[in-house]
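Asker: Residues per chain are reported as follows:
Number of protein chains: 2
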Amino acid sequence: MKLASRRAGRDGALLVVSRDLMMAVAAGDIAPTMQAALDEWDAVAPELGKLYERLTAGTAAGAFRLENASLDAPLPRAWQWLDGSAFAQHAALMAKAFSRPPIETDGPLMYQGMSHRFLGPEDVVAFPREEDGIDFEGEFAVITGDVRMGADRKAGGAAIRLVGLVNDWSLRRLTAVEVKTGFGWVRAKPACSAAPVLVTPDELGAAWKDFRLQASLEVRRGDELFGRVPADEMEYGFDELVAHAATTRDLCAGTIIGSGTVSSSRYADVGSCCISERQAIEMIAKGGARTPYLSFGERVRMEAFAQGGTHSLFGATHNSVVRSAPPPER
Amino acid sequence: MKLASRRAGRDGALLVVSRDLMMAVAAGDIAPTMQAALDEWDAVAPELGKLYERLTAGTAAGAFRLENASLDAPLPRAWQWLDGSAFAQHAALMAKAFSRPPIETDGPLMYQGMSHRFLGPEDVVAFPREEDGIDFEGEFAVITGDVRMGADRKAGGAAIRLVGLVNDWSLRRLTAVEVKTGFGWVRAKPACSAAPVLVTPDELGAAWKDFRLQASLEVRRGDELFGRVPADEMEYGFDELVAHAATTRDLCAGTIIGSGTVSSSRYADVGSCCISERQAIEMIAKGGARTPYLSFGERVRMEAFAQGGTHSLFGATHNSVVRSAPPPER
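Order-wise, the sequence lines are chains D and S.
Heads up, the final residue of the first sequence is numbered 330 in the numbering used here, and it's a clean run with no missing numbers.
Heads up, the final residue of the second sequence is numbered 1330 in the numbering used here, and it's a clean run with no missing numbers.
Worth double-checking, as some hints may not be accurate.
[Unchecked claim] Here are the simulated distance ranges between beta carbons:
#1 D:Lys50 - S:Met1022: 50 to 60 angstroms
#2 S:Asp1146 - D:Asp42: 32 to 42 angstroms
#3 S:Ile1103 - D:Arg10: 32 to 42 angstroms
#4 S:Asp1210 - D:Arg65: 56 to 66 angstroms
#5 D:Arg65 - S:Ala1008: 39 to 49 angstroms
#6 D:Pro46 - S:Ala1092: 50 to 60 angstroms
#7 D:Met22 - S:Ala1008: 41 to 51 angstroms
#8 D:Arg10 - S:Phe1064: 26 to 36 angstroms
#9 D:Arg19 - S:Phe1296: 48 to 58 angstroms
#10 D:Lys50 - S:Asp1146: 37 to 47 angstroms
#11 D:Lys209 - S:Ala1176: 27 to 37 angstroms
#12 S:Thr1105 - D:Asp223: 32 to 42 angstroms
#13 S:Glu1040 - D:Ala176: 31 to 41 angstroms
[Claimed, not checked] Partner residues are not named here, just some residues of chain S that face chain D (Cβ under 10 angstroms, in silico):
#14 Gln1080
#15 Ser1085
#16 Glu1104
#17 Gly1107
#18 Leu1109
#19 Ser1115
#20 Gly1150
#21 Leu1171
#22 Gly1184
#23 Ser1320
#24 Val1322
#25 Ala1325
#26 Pro1327
Since the hints were derived computationally from the structure, they do not count as laboratory data.
Note that the Cβ used here is the ideal one computed from N, Cα and C, for glycine as well.
Can you make the complete structure from the sequences, with help from the hints?
Answerer: Structure (structure tokens):
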């Protein structure tokens, strides 16, 4: 089934969305919010599934046409966002461009990011300064149920409730400063945007295999097709990322785990999912970065399609980048 | 005033605590939970303050003797935990012991940590393996109201609602692995413990100056006094830490900002607030670390006292360390 959240307070109001993403229906009688549904998943998922089938069949009372502009992020705030870096090709390009040794690690790379606000698919995204190097990062993410500390890969995979698409906005000049401290990113990684719908793994069919998406992520910067990148080179599956995250902590229902920027060794043909990777490719090929970071007023669109298909898996993010208003004088 | 949370569900039930920390009274009629109080602070703080005065005067109906064992962390789960490293002395000792250059940074060091579970003051704390190098870290923390992106130091200071004490449990052998990746800590930093009460800055009186605590943090490992460390060498005030955290993001009410391990240049006299700092001192003085990390069954106690006084500011954490149970077979 497919779920979304209409704008309503800090947690949104739960919607069920039809298979073709055209129609929606309020699911508040079953669970008021996405987080509430995740907290009581085993009890509510069957009821949500029945409503989904009725909606898709055209027999759900109160169905209405889905408008992305009315949507918040499907999980507008989450208790935990752990973002991996599971596409080794991306890390290899970055290391080569900057003549750095590969990052030493004994497992997946992962950082804890801001989770108290995820932006809606058509929200305006505000940053203080263009000079910080505003970039997008297209990636996939899963939402888990409760996971016990020490869970193995099998338990990690079984805990995946929903799958979605995230644009992990990044400020590259701050990324470079913060990564050197070893402390990870705070200033460099503000709120992410999320695509309209989250989808259960069973609903993805052939587009979900070995806990990886068999899908291409299409990224547009304004009118330019920036990338249409197949996600089949993911080094660690989401089952492994969940288990890694749970090594020394319990995960709560509603934990979001990200794949990191989708990247392909066929980058010359398929492009990239972030500006910084394209800059790295330019540095390697041409001796210098040519593609600029985003300016205020630019728009970025992301949408994922099952491999070889035209079926939109999660709907599209389509965000404008603007300068943030200064805080009010006290 | 002083606030705590009785164990009740995932968010606890709000209590007001008397000035001497001996008595408590349920505050559910004013706000059900600490997070709810923080969300509506301007409306509820005056009411909570009146109840606090009645409780301290011995005239509050329903007052009962405070038992730490009945308490959860004062904010049992939070949307955001950003932990600084504002005691330069600690960083200097670590760099010297490991012959590393100082960390390059243009502001306070800060990472985003696990916030969906803070453990209560007397909770048992479970870890999977002693070999991960189980350590404690005594530090102070503030809880903020809503803060707008770009807030300056003045606005940062004005947003501080409550002050408290945190034991930031750390797994040192994993810290060393993860810091090298630049991604910060996920496996190395599981759930923290928190002292029983949070206190408003005005209540701290002379123990709160320039957005720093004028207090000593007493740490006991079993029967051994491990440190009684004055916190007056904090390089950045909490006003600066809040402003740093808000450089490129809004902070939500209930954001927790930590000072990092309390540390003093008079360490030879006052000791340390974590094992790893004492090991660093031993490496510098004696050529090798002698103090072992924690074993299962050990107990750690932390309590803060106003400088030169015997008045407990936040009550004590007193946690046993145990081996975590393996997750259930599926």
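Asker: Which numbered hints does this structure break?
Answerer: 23 and 24
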